[in-house]
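Colleague: So the chains spell out like this:
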Amino acid sequence: MSVSNLLANWSQFRQAHPTEGDFHKEYKWAMAIDLDACTGCNACSVACYAENNIPVVGKDRYARGHAMHWMRVERYWDEDNRDMPDQGAQFLPMMCQQCEAAPCETVCPAGATNHTPDGLNSQIYNRCVGSRYCSANCPFKVRYFNWWDFPKEENVFADPLPLQLNPDVTVRTKGVMEKCTFCVQRLTVAKHNARNEGRLVQEGEVQTACQQSCPTNAISFGNMVDPESRVGKQWKAQQVDLAADKQVKDAGDESHEVGEHHSGTQLRGYRIFEELRAYPSVMYLERVRESAV
Amino acid sequence: MRHILRLSILLIGLFASSASFSADTLPPVNTADDLGPQVDQPIEFPHNRHAKDMGINCMYCHTYARRAPVAGIPPLQKCMGCHNGIESVKDKPRIKELFKHWEEKKPIAWKKVHDLPDYVRFNHERHVKRFIVQQDKPVQEVCGYCHGDVKEGTVARRQKPLSMGWCVSCHEKAHPTDKTAQATAQGPNDCWQCHK
Ligand code: SF4
Ligand code: SF4
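As you go down the protein sequences, you meet chains P and H in turn.
The first sequence begins at 1 in our numbering and counts up one residue at a time.
The second sequence begins at 294 in our numbering and counts up one residue at a time.
Hints are supplied without guarantee of correctness; some may be wrong.
[Said to hold, decoys possible] Computed beta-carbon distance windows for the label pairs:
{"#": "1", "chain 1": "P", "residue 1": "Ile272", "chain 2": "H", "residue 2": "Gly374", "range": "42 to 52 Å"}
{"#": "2", "chain 1": "H", "residue 1": "Ala478", "chain 2": "P", "residue 2": "Leu163", "range": "33 to 43 Å"}
{"#": "3", "chain 1": "H", "residue 1": "Pro431", "chain 2": "P", "residue 2": "Pro215", "range": "49 to 59 Å"}
{"#": "4", "chain 1": "P", "residue 1": "Trp77", "chain 2": "H", "residue 2": "Ala478", "range": "46 to 56 Å"}
{"#": "5", "chain 1": "H", "residue 1": "Phe415", "chain 2": "P", "residue 2": "Leu161", "range": "21 to 31 Å"}
{"#": "6", "chain 1": "P", "residue 1": "Arg195", "chain 2": "H", "residue 2": "Asn350", "range": "18 to 28 Å"}
{"#": "7", "chain 1": "H", "residue 1": "His464", "chain 2": "P", "residue 2": "Leu161", "range": "27 to 37 Å"}
{"#": "8", "chain 1": "P", "residue 1": "Gly198", "chain 2": "H", "residue 2": "Asp411", "range": "25 to 35 Å"}
[As the list claims (entries may be wrong)] Stretch-level coverage of chain P by chain H, calculated; a stretch enters the list once three of its residues show a Cβ under 8 Å from a Cβ in chain H:
{"#": "9", "segment": "164-176"}
{"#": "10", "segment": "183-196"}
It should be emphasised that the hints constitute simulated quantities derived from the structure, not laboratory data.
Values in this document were obtained by computation on a predicted structure and should not be read as measured data.
All residues carry an ideal CB built from backbone N, CA and C; glycine is no exception.
Produce the complete structure using the sequences and hints provided.
Modeller: Here it is as C-alpha cells:
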C-alpha cells in the first residue's frame, strides 16, 4: 500500500451507501421468520452448529459468557403475572440480522467486518484482531468471541468428529469474532453454479442450514431482488420496507397498547429495533394467540 | 494549537508507518522458478516431458479443474492408462516405480505444492470458464497465470506468490468477458468471495 493509495479513496472510506452503485443489483439476501410457526425445537440451532463447525463450549464456559451459538432461540414467557402460563412460552430465533447499515461494521478497527454487494455483513476471521468493538456495538448481541483455541488445545472435535466438519467453512481459532453468515458458503456455491450457466440464482435453489432443518417451515430465505422469491413476497405482503426505519403501516398505531395486536390491519411483520436505523434484513412475523383466559 | 500539534504527530506517524509498510509488501515481480520451496515428490514427475514434449492438455490429468473448485491430482490409473501401452519407456526407473505401485495397488502419495490457507476459497472452475471457455485463450497460458511455466519444470514448484495482494492485482483489472472482447468486467472484490 503506497501513501497515494492510502489517501486516494480516503474520503470514500465507509461513506458509500449500501443501496448505491452495484449494491443489490443481482442479489439481496433476506430472511423472514414466522414466530407463529416456531415451536422452539432448536433444530435450527443444531443444524447451524453442524453446518458451520461451531464448537460446543459446555456448561461452565457458557455460564462464564463464553457461549458460541450463531443461532439461539430466545424464550419469552407470556406475561400476566403468572409463572407457568397456560399458553406456554414464545420463541424467537435470533442470529445476525445482516443489517444494511450495520453498527458493527463502522467500529471495526481492522475492517474485518464489511458489507458485501449482496447485502450481507461479512466477517473475515483471519483479519479479525479480536478487539470486540463490533460485539459491543451490535444491538442484537449476536456476535460471539472465540475465547478458546478449540481445535488445538482442547479436542472438541475428537475423532471421528473431524470427518463431519464442513470443508467449506474455516475452523476458527482463539481470538476471533464469529457470527451467522446466512450460510455464505452455500450462497457462494449457488452463485458459482448459476454463473457457469449464465443466469442468476433461482428461488429455492439455495437454503440456509437453519431453514433446511426447520420442521415447521418457519424460516424462509432468499433473494429479495427476485420477484419470485417467497421471502420478497412475504416482506411485501407484510408491508415491511427494507430501507425504512419506521414502516408506513405502523403510522397512527400509537394509540395501541404495547403488545396488543395491530387490530386495524392483519399485518404481523416487524423488524427488531427498527428505530435504531440498522436496517436489518430479517423480518419476524408476530405470534398470534388468543389472550389467556 | 494543541490540536494541530496532535494531528501532525498522528499524520507523521501515519506516513512513516505506511511508507515502511509499502517497502515490505511490494509484490515480487520475479516469476522465475525459485519462489516456492522445493517439494520432494515420491516419484519425480517430469511436467516438461508431458506438457511440452507431448503437448498434453493440463486438464487431461488435472481433470477436475473445469468442473470443480479443486483441480485434483490424477489417480494412478490415469498414469497407467497411457503407460501400459508405451513400451519404449517401460524399463526406465521412474516408470518401473510406477508399475510397482500399480501392482501393489498402492496409490502414489503426491505432495501438495499449491497449498492455500484454510480461510481461502479458490475456484478453478470459474477461472477456467472465464478464460479458456469464454475468451478462448490457450490452456497452458491460462493455467500459467497462477502456476507459472509448468512445462519447463520437472515436479511442479510454486512460482507465483499466491498472496492476497497478488490475487487482487488481477481482480482489479477489467478483463474481456468473451473472445470478441466487447464487454469487460472485473473480478469480484468483496471479501467473502475468496475468504471463508
Ligand atoms: S445484527 Fe449485529 S452483527 Fe449482524 S450486521 Fe447487525 S450489528 Fe452487525
Ligand atoms: S443462516 Fe446459516 S449461519 Fe445463519 S443461523 Fe442459519 S444456519 Fe446459522
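Colleague: Go through the numbered hints given earlier and state which of them the structure violates, listing their numbers in rising order.
Modeller: 1
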